[in-house]
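2 protein chains.
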Amino acid sequence: MINETYKKMLQGKSIIRELSEYATARGKEIGYENVFDYSLGNPSVPCTDSYTEEIIRMHQQENPMTIHGYSPSLGIEWVRKTVADSLNRRFGMDYEARHIFMTSGAAGAIAHAVRCVTKPGDEILTFAPFFPEYGPYVNLSGAVLKVVPANTENFQINFEAFEEMMNEHVAAVLVNTPNNPSGIAYSTETIRRLAEVMERKQKEYGHDIFLISDEPYREIVFAGADAPYVTKFYDNSISCYSFSKSLSLPGERIGYVAVNPRATDADVIAVMCGQISRGIGHNCPSSSVQLAVAKVIDDTSDLSVYETNMNLLYDALTRIGFEVVKPGGTFYIFPKALEEDACAFCNKAKKYDLILVPSDNFGCPGYFRMAYCIDTEKVKRSIPVLEKFAREEYGMKF
Amino acid sequence: MINETYKKMLQGKSIIRELSEYATARGKEIGYENVFDYSLGNPSVPCTDSYTEEIIRMHQQENPMTIHGYSPSLGIEWVRKTVADSLNRRFGMDYEARHIFMTSGAAGAIAHAVRCVTKPGDEILTFAPFFPEYGPYVNLSGAVLKVVPANTENFQINFEAFEEMMNEHVAAVLVNTPNNPSGIAYSTETIRRLAEVMERKQKEYGHDIFLISDEPYREIVFAGADAPYVTKFYDNSISCYSFSKSLSLPGERIGYVAVNPRATDADVIAVMCGQISRGIGHNCPSSSVQLAVAKVIDDTSDLSVYETNMNLLYDALTRIGFEVVKPGGTFYIFPKALEEDACAFCNKAKKYDLILVPSDNFGCPGYFRMAYCIDTEKVKRSIPVLEKFAREEYGMKF
Numbered sequence: 000m001i002n003e004t005y006k007k008m009l010q011g012k013s014i015i016r017e018l019s020e021y022a023t024a025r026g027k028e029i030g031y032e033n034v035f036d037y038s039l040g041n042p043s044v045p046c047t048d049s050y051t052e053e054i055i056r057m058h059q060q061e062n063p064m065t066i067h068g069y070s071p072s073l074g075i076e077w078v079r080k081t082v083a084d085s086l087n088r089r090f091g092m093d094y095e096a097r098h099i100f101m102t103s104g105a106a107g108a109i110a111h112a113v114r115c116v117t118k119p120g121d122e123i124l125t126f127a128p129f130f131p132e133y134g135p136y137v138n139l140s141g142a143v144l145k146v147v148p149a150n151t152e153n154f155q156i157n158f159e160a161f162e163e164m165m166n167e168h169v170a171a172v173l174v175n176t177p178n179n180p181s182g183i184a185y186s187t188e189t190i191r192r193l194a195e196v197m198e199r200k201q202k203e204y205g206h207d208i209f210l211i212s213d214e215p216y217r218e219i220v221f222a223g224a225d226a227p228y229v230t231k232f233y234d235n236s237i238s239c240y241s242f243s244k245s246l247s248l249p250g251e252r253i254g255y256v257a258v259n260p261r262a263t264d265a266d267v268i269a270v271m272c273g274q275i276s277r278g279i280g281h282n283c284p285s286s287s288v289q290l291a292v293a294k295v296i297d298d299t300s301d302l303s304v305y306e307t308n309m310n311l312l313y314d315a316l317t318r319i320g321f322e323v324v325k326p327g328g329t330f331y332i333f334p335k336a337l338e339e340d341a342c343a344f345c346n347k348a349k350k351y352d353l354i355l356v357p358s359d360n361f362g363c364p365g366y367f368r369m370a371y372c373i374d375t376e377k378v379k380r381s382i383p384v385l386e387k388f389a390r391e392e393y394g395m396k397f
Numbered sequence: 000m001i002n003e004t005y006k007k008m009l010q011g012k013s014i015i016r017e018l019s020e021y022a023t024a025r026g027k028e029i030g031y032e033n034v035f036d037y038s039l040g041n042p043s044v045p046c047t048d049s050y051t052e053e054i055i056r057m058h059q060q061e062n063p064m065t066i067h068g069y070s071p072s073l074g075i076e077w078v079r080k081t082v083a084d085s086l087n088r089r090f091g092m093d094y095e096a097r098h099i100f101m102t103s104g105a106a107g108a109i110a111h112a113v114r115c116v117t118k119p120g121d122e123i124l125t126f127a128p129f130f131p132e133y134g135p136y137v138n139l140s141g142a143v144l145k146v147v148p149a150n151t152e153n154f155q156i157n158f159e160a161f162e163e164m165m166n167e168h169v170a171a172v173l174v175n176t177p178n179n180p181s182g183i184a185y186s187t188e189t190i191r192r193l194a195e196v197m198e199r200k201q202k203e204y205g206h207d208i209f210l211i212s213d214e215p216y217r218e219i220v221f222a223g224a225d226a227p228y229v230t231k232f233y234d235n236s237i238s239c240y241s242f243s244k245s246l247s248l249p250g251e252r253i254g255y256v257a258v259n260p261r262a263t264d265a266d267v268i269a270v271m272c273g274q275i276s277r278g279i280g281h282n283c284p285s286s287s288v289q290l291a292v293a294k295v296i297d298d299t300s301d302l303s304v305y306e307t308n309m310n311l312l313y314d315a316l317t318r319i320g321f322e323v324v325k326p327g328g329t330f331y332i333f334p335k336a337l338e339e340d341a342c343a344f345c346n347k348a349k350k351y352d353l354i355l356v357p358s359d360n361f362g363c364p365g366y367f368r369m370a371y372c373i374d375t376e377k378v379k380r381s382i383p384v385l386e387k388f389a390r391e392e393y394g395m396k397f
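Residue numbers (numbering that gives the first Met the number 0), protein chains in the order written: chain A, 0 to 397; chain B, 0 to 397.
Hint data in this document are derived by calculation from the structure and do not stem from the laboratory. Source: prediction; values computed, not measured. All C-beta atoms in this analysis are idealised placements derived from N, C-alpha and C, irrespective of residue type, glycine included. Take the hints with a grain of salt, since some may be wrong.
Claimed, not checked - From the structure, some residues in chain A lie toward chain B, with a derived Cβ separation under 7 Å: (1) 2; (2) 29; (3) 30; (4) 32; (5) 33; (6) 56; (7) 57; (8) 115; (9) 116; (10) 118; (11) 164; (12) 167; (13) 265; (14) 395.
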């Protein structure tokens, strides 16, 4: 009586994982330093010294019963208060501890937020290009994910398509800014307009429509980018955060849900998350990790390497003749492929040991993603290879 | 459009939590040392020095990118292998890494196991007295929990009631041994007979029936107790473990699913868990905690205090005249109340600052649970108070 739904999912393959495995295998043949592996979005900088020092101090000095004791199901009260205070300081919000729910990273945050504000059968809209895991995150909750086609001009929102797809079954809209895979941050103008449409549709349909904002790249924003705090613009909003990128702690699975204090039922959403977690087997992130992260709440790893890498790649790609929108943050760039079939394009790139991810799974065919969370020295070495590839395979002249 | 199912759950109150809060408040009035708080099942011994030393060493010496890097969704391969090897050594099993799935404690393990082997609408049977969180764990997965009445003679299984309740919709049986709240370990004879009934029913109904074994108290077994490893007795079995009690790390949320290599689809169940985790927002326990626990896999905290406390309480309770079955493990004891209404009984005990949990929520009315994971000195001081309570309120003579 094995569950067939989950068993069938085993047949699905992750193209990103396949490419990453290919890169590792190829690295064993020719040396990994010779594989230009742009496949995986894994932070390439260490966590802060402050985090490491705090974990060591805590384990040396604190009572083990305190640091390893059960956390309340919503998270350790002091940690929730510290998160709220930090957000208030940085973004001029008025969160209190009761609006914060500690989670196992952004995935855990989205799993709870989606269940809070939808019932099975409801629709959630997201915008292409989008992180493909949104599919299982949403669909296995019982809600249905629908994808608004991309605005390929600048990867802001395609509002025409969005308004067309809005209907009374839409219970939530899921945004990701700065965006994986496009690297684009939604501008103040985009978020204002999104809020305006959603306010209008709430009135038209006579029910709440929640804005779920997935923000793991919030701290990786480049010079000049307009990347406002989404929650400020729309009352019925829930922010989903992860420290995996800002503190380079992806394996520690630590993040939170922050409920806009002006949202409908703002006072019960975090408590509901606690009930949801009873049903899905989540019971807080690690207590010691909660405590250590709260102690270094406003620190970030040295994230400047991502901007350095972005500028190197953006300059090279535009020089070669790629059509590409300059990223405002993250560690991704999303150029148009040099032929219609992005899979064919990325396959050809493999011959040059360039590992690029075709965009089909991101809901926006014809593009490719480069995850430039790698050494700057390797980015530099990859540029002549990119040039050779474009010249030999596509006759690009530059 | 707040989800009403979860919102309604907010009205439910946890009697254990209420009693624990009462004990804390009362402690502020009269000093917590004067409150005999037997409400909460929180380990009362520190984690092992070996664990603390390993966490410190790792953070001092290892590359942060390694210890905090993304864990594969099934858990770190070396950790899974270490768990398998340890179980094989200790219980004569033949697990391989591919049978192990790392989880956020036993709650996470059960959430995955239940979804693997049931579909919505299927029944799962468990045996009273039972851990009340099984309700949300099972029911929010879409399966339905049914509770087989207790065998109050010895708190082994009530086989007559079990056979009556078995039907073709039963997809799994969920056991917890040693048991919260009874403290009883199922004997070899009990587990043999359980396996025999289940084998027979599998044949009769023509489908698999899985045995899900919840084993957080596996390492807390007292002298003379017959507490065999459940999985050895039944092929279609899944063991759900947590290190929260054995290593006293409840807040770290670390455990695993171990799939019997002889189960139907044994090779895909752990991989299915990885797919399920995409849908419920679980993405592995903390990477550094996984690594540290694996390094000290066969260690346990000093658990002997629980047996000391149990013997003190068992002797006192029987001397006073309570009807009580001697626990074989855990840190719980489950005597019969001195009146039919266990809530009234526990309310009267509060006057003596004895905090006892009535058994109604455990599916076995008329009893009470004492969680004796507290200082032995306090257990000793509580005995004259128990005597006074029984004498004054119920005229017990001893």
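Quick rundown of the hints versus the structure:
1. The criterion of a C-beta within 7 Å of any C-beta in chain B is met by residue 2 of chain A, whose closest approach is roughly 5 Å, and the hint holds.
2. A cut of 7 Å between beta carbons decides the hint on residue 29 of chain A: the least distance to chain B is about 23 Å, and the hint is violated.
3. Evaluation of the residue 30 of chain A hint against chain B yields a violated restraint, the C-beta minimum of about 19 Å exceeding 7 Å.
4. Contact between residue 32 of chain A and chain B, as hinted, is not supported at the beta carbon level, the nearest pair being about 16 Å apart and thus beyond 7 Å.
5. For residue 33 of chain A, the shortest C-beta to C-beta distance to chain B is roughly 20 Å, which exceeds 7 Å, and the interface hint is violated.
6. Taken as an interface hint, residue 56 of chain A does not check out: its beta carbon lies about 10 Å from the nearest beta carbon of chain B, beyond 7 Å.
7. Interface hint at residue 57 of chain A: violated, since its Cβ lies 9 Å from the closest Cβ of chain B, which is beyond the 7 Å cut-off.
8. Checking residue 115 of chain A against chain B: minimum C-beta separation of about 6 Å stays under 7 Å; hint holds.
9. Given hint, residue 116 of chain A at the interface with chain B, holds; its Cβ is 6 Å from that chain's nearest Cβ, closer than 7 Å.
10. A hinted interface residue such as residue 118 of chain A counts as satisfied when its beta carbon comes closer than 7 Å to some beta carbon of chain B; here the least separation is about 5 Å, so the hint holds.
11. Interface restraint check: residue 164 of chain A against chain B, minimum CB-CB distance 17 Å, threshold 7 Å, status violated.
12. Checking residue 167 of chain A against chain B by beta carbon gives a least distance of about 11 Å; that is not within 7 Å, so the hint is violated.
13. At its closest, the beta carbon of residue 265 of chain A sits 10 Å from a beta carbon of chain B; the interface hint therefore is violated under the 7 Å criterion.
14. Because the smallest distance between the Cβ of residue 395 of chain A and any Cβ of chain B comes to about 35 Å, over 7 Å, the interface hint for this residue is violated.
Checked against the numbered hints given earlier, the structure breaks hints 2, 3, 4, 5, 6, 7, 11, 12, 13 and 14 and satisfies all the rest.
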